[in-house]
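Each chain, letter by letter, is given below.
Protein chains: 2
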Amino acid sequence: MKYVYFFGNGTADGSADMKELLGGKGANIAEMTNLGIPVPPGFTITTDVCTHFYEHHKEYPSELERQVTDALKQTESAMGRRFGDPADPLLVSVRSGAAVSMPGMMETVLNVGLTSKTIPGLIEKSGSARFVWDAYRRLIMMYSDVVMEKAGGVEPKDGVGIRERLEELIENRKEEREVEQDLDLNGDDWKELAQVFKVTVKDVLGQDFPDDHHEQLWGATGAVFQSWNGRRAISYRRIEGLADEMGTAVNVQAMVFGNMGDSCATGVGFTRNPATGDNHFYGEWLADAQGEDVVAGIRTPNPLNEWGRGDQNAHLPTLNEAMPEIYTQLDGIRINLETHYRDMQDIEFTIEKDRLWMLQTRVGKRNGAASIKIAVDMHQEELITAEEAVMRVQPSQLDELLHPMVDPDAEVSADELAHGLPAGPGGATGQIVFTADDAEAWAKDGKKVILVRKETSPEDVHGMHAAKAILTAKGGITSHAALVARGWGKCCIVGCGTLYIDRHQKTVQVNGQVLREGDWITLNGTKGIVYAGELSLTPADPLRNESFKKLMTIADGVRTMGVRTNADRPEDAEQARTFGAEGIGLCRTEHMFFEPERITAMREMIVAETEESRRKAVMKLLPFQRQDFYGILKAMHDLPVTIRLLDPPLHEFVTLTSEQTVELAQKLELDLDKLKSRIESLHELNPMLGHRGCRLGIAYPEITEMQARAIFEAAAQLSEESVKVLPEVMIPLVGTAAEFEHQEAIVRRVAEEVKSETGVDFPYLVGTMIEIPRACLTANEIAPKAEFFSFGTNDLTQTTYGFSRDDIGGFLPSYLEEEILPHDPFQSLDQSGVGQLVQMGVEKGRSVKADLKIGICGEHGGDPDSIDFCYRVGLDYVSCSPFRVPIARLAAAQAVITNE
Amino acid sequence: MKYVYFFGNGTADGSADMKELLGGKGANIAEMTNLGIPVPPGFTITTDVCTHFYEHHKEYPSELERQVTDALKQTESAMGRRFGDPADPLLVSVRSGAAVSMPGMMETVLNVGLTSKTIPGLIEKSGSARFVWDAYRRLIMMYSDVVMEKAGGVEPKDGVGIRERLEELIENRKEEREVEQDLDLNGDDWKELAQVFKVTVKDVLGQDFPDDHHEQLWGATGAVFQSWNGRRAISYRRIEGLADEMGTAVNVQAMVFGNMGDSCATGVGFTRNPATGDNHFYGEWLADAQGEDVVAGIRTPNPLNEWGRGDQNAHLPTLNEAMPEIYTQLDGIRINLETHYRDMQDIEFTIEKDRLWMLQTRVGKRNGAASIKIAVDMHQEELITAEEAVMRVQPSQLDELLHPMVDPDAEVSADELAHGLPAGPGGATGQIVFTADDAEAWAKDGKKVILVRKETSPEDVHGMHAAKAILTAKGGITSHAALVARGWGKCCIVGCGTLYIDRHQKTVQVNGQVLREGDWITLNGTKGIVYAGELSLTPADPLRNESFKKLMTIADGVRTMGVRTNADRPEDAEQARTFGAEGIGLCRTEHMFFEPERITAMREMIVAETEESRRKAVMKLLPFQRQDFYGILKAMHDLPVTIRLLDPPLHEFVTLTSEQTVELAQKLELDLDKLKSRIESLHELNPMLGHRGCRLGIAYPEITEMQARAIFEAAAQLSEESVKVLPEVMIPLVGTAAEFEHQEAIVRRVAEEVKSETGVDFPYLVGTMIEIPRACLTANEIAPKAEFFSFGTNDLTQTTYGFSRDDIGGFLPSYLEEEILPHDPFQSLDQSGVGQLVQMGVEKGRSVKADLKIGICGEHGGDPDSIDFCYRVGLDYVSCSPFRVPIARLAAAQAVITNE
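Same order as they appear, the protein sequences are chains A and B. The numbering of the first sequence is the numbering used here, which starts it at 26 and goes up by one. The numbering of the second sequence is the numbering used here, which starts it at 26 and goes up by one.
Among these hints, one or two may not hold up.
Pairs involving identical chains hold if they fit within one copy or between any two copies, as the list cannot separate such chains.
Claimed, not checked - Taking lysine-lysine pairs in the PhoX-like style, the calculated list, with each CA pair at most 20 Å apart, reads: (1) LYS641 with LYS472; (2) LYS378 with LYS574; (3) LYS473 with LYS659; (4) LYS699 with LYS479; (5) LYS810 with LYS98; (6) LYS531 with LYS699; (7) LYS692 with LYS874; (8) LYS531 with LYS701; (9) LYS390 with LYS216.
What the hints contain is simulated information worked out from the structure, not anything from laboratory work.
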């Protein structure tokens, strides 16, 4: 059985598709070797050995030693140096490498092979005693920590580990020498420290530091295997859901050094710019340095080439200038790797005495803009297919283009005040105000404001619109504030429980600070973080981004589900259209009632005592509603518009102060006590489960009648103006077929009336929102009369879990923390619970009407995982807030590919 | 084809099992005839003729006329009189009779055969001209109304029907003669009126009143068939869900008269006493009278026998005394009928010139007590089987024995104030109070009070306990008031929306009246009616009722499901035990926290800021809880007790006035603002969907820990005292397996701790309440660790429908009225919606644990229809309030029989 895979001299036993056996690192090194790319030679001990190791009381397979010896010989021959050779010793690194990257979770030992026998020869060869003693003391530090203490199972003495003790010795030496940096210690310092280290190791761990190169190699190998079952690695696997059986490989590779003088260097690079996606080689390098020096930031690294030059490093030499031949070689490798891997790569290299060695290649991380550009460019370059381009961009990465973002650099050092639920993505900065009226007034004066509230209600909408962002102490991801903000693409954080807001004093206590009206704060709505002060933002302008538009076109070519938007106003509808919405999936009508002239008629309707006076009041609203529907149907001409009839409990329209109540009584010429008692009687203990939705339309059919009339009169008028309209009337909160049929009959009657009154014919549909469990359970009873279903998964999630979206803030954070819930079910659809009901609704609905049109208009319609689910259960379309339409288009395309 | 079935002379063509063909009346008359019981002869025209009539433009089958002629001949021969014979004419009645009784919905014509030719002969034979003219004018009134106007399709002239016009003529005549009663008009009056009637009929309807006996017969027959599709009959069938295709039969039967002199009489009877169930012949009779005279109540009827004698009729002659031979014959028939029909019968008879004729027999209606006694007695008499005895009693009839009831006689003339939802059965009368404290104080003074509230909360419990009944303006059948009241068997009406309560003024406006504190009202909680004033009540004492106890024993022998009770206190548990409860299915623990010394510790716990201080406060509650559980486990020794851990949202414990808040701040030495802000932060918009149930125990594990410890310490103590305990710890409101496992782990850990601390072993189970849809949908994930499921169908109904039980009053009444819901889903389980989830929960749960113990502890556990459902889906037991335990025992037995 083959346990050891050699690589070097242009060929490797392994390849990139052997990740399970060789781990990700080992497989990629083998692949690079096979591509003819110069990689320090070495070998990979397979994950099978790891499995054997744990199955046999930490013993190796008997063939291993011979295979290692053979591979070591091949390595020696490839490097032209021998392991343990006093004259010109080969040193090796010993690194872990599992099939799935587990960054920093397992151990590494470098400089293996340095012993009292090989040190003199290496000093001779390298010409630098300081370099060698420094390398030696690093070996002792790593080895004593990783191999002798951790893998040896030695309990740290007095709780202080060996590594910490050795680091303290370095600090002492620096104090003695009155220097600050390790760099300021010279060769003698390191030599002396190495001696002291060895004594300390013996003293603390009771064992000599091994002076034999083979003992070091096997010690380090065993320690890497042991680290697979270290505490950190195990808990990482638990969190990520990785299998314990996977095991790690061990990579033994010849050491190369970028810090042996001026002909040496080290660097990192990306095959394309990871911030912009531009197709230019991008990276940094340092002469006479080790890899970690580039990353550590002690020295400012040099740019690789002109593309990497900016204000800060304009004076520094490029690699292209300093080592033109090596740069050309490196650039060739870059192209080779990208062509081969068909994706942007993140690479590490070292130049040892004018010789280039590649140490690593892996898929490079990139931001949203770059991700899109690279995917689209590579598709145009015919490097990848349309399907691959679609899969290369995370839907969430589109957010970066769709919303202004807090500048990530500014965030690093910002003063974090609080965490909340990320309800509206993007960033915003502004001055705190505490009321909607203040928000509006301050905004009129040209100020940027952030509205800070315990929670918001429909009456705050004008202030929310004026504010740059909304921050609330209560509520969940589908609370009022969140819904409204997302509809406008506005930054919003909700459920920020550590805010203590005093509305009267106009102060907010948070994290031990007191903020006042007018103080600046900045919100990162994508992550849910509140910062003190004014941070800089990066603007959004997706429609000028050609790559974005191309990606959308590619995605549209792949996807099969429609994408609609949830929009209540013509402006929002138009915005969504520019983002590619193919109709409105949810037009809520209640927001239309809060304007001053309308709300009075609405209130008159609510407090009316007879059907006649109620009808009179309702009909006052007709012209307004007709105008609303005229606007939105016109903006969405040629596309379907699903209009939901009045949904919220009536008391939402009569939350009045006592003064306002008196005023209303006067205006409506009503007895004050009667008015109060009527308002009082509308109060509900659990309004979410109360008298709302179609229950209103059943109690007050004249509301349904007025709304239907407004819709159809607008439709008739537009039809006469030759605008094509497709209104779809949606009955909300239906739980029984009888409810639907009651309301449907009214809507159809009014449609016929309007048609015969106007003499205009227009198409329309009547369907229902499926948003309570009973509707799913009895969908086969509802479907015969309904022309469409639209899943309202916000309410469905509330009732399926018994979670109020307004109150979930009280326990959701701890539920997520304790992993009782894998994620916020209002953000991403709970497929195993709520999803079962959705599936049942689809199957039962289509069991009686095979071609029933079914969509989703809950907030989940904009969540990629939920969109994938919607595709799998066979929905015809998803609908989401305007600013999530592009995300939904991409996710819908990905769903097709993922489920192929 | 045979269309006409003769009966008479001791044999009949038909029998009791031919109800579909002959209708109920025709089949029973045939049966009686076959039993040798004297029944006036006649014939039944089958329902097939009705079907033919409507399928062939109201024409009869061609064979019909001949068959009628033949049957008429047989009838003539049996009576010894001929139809249309001028000398001794046979008169007949023509009556409808469908398979299912539709009382008063169709037409009847009596005295058919009276014409100018037959009148003189009948006067001669009867010896009474007045009798004959009276009979004739009755024929004209019925015939002109039923046959000529209604069946003839004549629109009433000026909206005034012919019958009304003729009645007016009688009134005029009485005025002229200055008399008040019809009885005071003599033979000449009736003769003259008959002439005037005929002129009027001709004048108004444009047709002569037919003077031919055959024309009368066929006219009446056709009119009865027509009345099957009369407006009243159709709408009755719609309401009762009867098929239009069923059709009616027509019964033509020789007239016999009880009003032809002193040798004539008429009467009604029951084969056993319908009020007590005593096995005595019970009934009333009148000499020289018609059947309607007995019912009309103008003359006080005589008792049939000594058993019927009371204070009011002690002086009146019994039939036994007046006509001993006929009484003996009648009593024989009574025994014959009961033996034959094997149920108590309601009979009608007429004595015409010393000859007894039976006119009707049918199953007699009876009250609850009688129903039970008759069933049990008949079973003991070996007349019926145990299964039949069980099926003979409606579970709801038991209510009459279990609760005091408003005296039905007093209700007839009482002043009805309002209708509400019948939340707690039984009757109560008392003086109005508006606060729980007043209720307690007044009750201490020995007053009977009724607590009138908008709604109740746990803090009102002491006042609710002190009151005779509770009346609320809001809430549904499972609201707080309803639940608590039912638990105590207390009368309660909720959701009485027409009450306007002014708590400060201590008045309630209802139905235009203003009632004040101290005013008397009476509640019928079985029907949901509120009366003004103090009505008399009939007391309840079921356990002294031997028949009741025997019926329960019979039912227990049949049923297979267990019956437990929902009880929170030892007294209630003991009460339920006497009613036959086999354990506690739901012991709520939250009611235990409202006593003064406990509530402070509870509040301290709630406002605690650190886990440590919270734990300290919680542990103060431990001794109280331990004592509670000790009491209830002891009361239920040898039987299982399911204890639900804390369920309600915390804010329920801190609804404080500002004074109380200040006081609490002082008591707990807390900053007032901080306390206020903590209380404020607990407020929820939809508490029913908020931070409650196991969500509390997860946020504050120390609550679960304390409760588990209290249960197990009590169990250990009782075990040491050799009391057998079976605690079952129930985790509430579980929606995910992770929630259950989190809480289960705590409970099991504490159990082990207590066992090892005390050295006592005791059995216990840990299970969960399945009460939100997601728990049903993922029951297979929850079941592996749960030892039992108990369906909480109150909450499950709330979330499945999206109905808040506290707010449903706003629309439920109109939903029931408009038949959008067939019944209140909180009262009787919604089998097609909620039931699907229950079934899913059972199937999914048992799919992973075949022997999973499953019960129901929602209010539906006491509803017979729901109990039938529970049996069908395979539940192990139902649990209900103590006063419904007998009902559940009976219903569970009926479920076995019904589903055989």
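How the hints compare with the structure:
no.	hint	result
1	LYS641 with LYS472	neither (43 Å within a copy, 50 Å between copies)
2	LYS378 with LYS574	neither (48 Å within a copy, 105 Å between copies)
3	LYS473 with LYS659	neither (33 Å within a copy, 68 Å between copies)
4	LYS699 with LYS479	between (31 Å within a copy, 16 Å between copies)
5	LYS810 with LYS98	neither (80 Å within a copy, 57 Å between copies)
6	LYS531 with LYS699	between (35 Å within a copy, 17 Å between copies)
7	LYS692 with LYS874	neither (51 Å within a copy, 65 Å between copies)
8	LYS531 with LYS701	between (30 Å within a copy, 17 Å between copies)
9	LYS390 with LYS216	neither (40 Å within a copy, 112 Å between copies)
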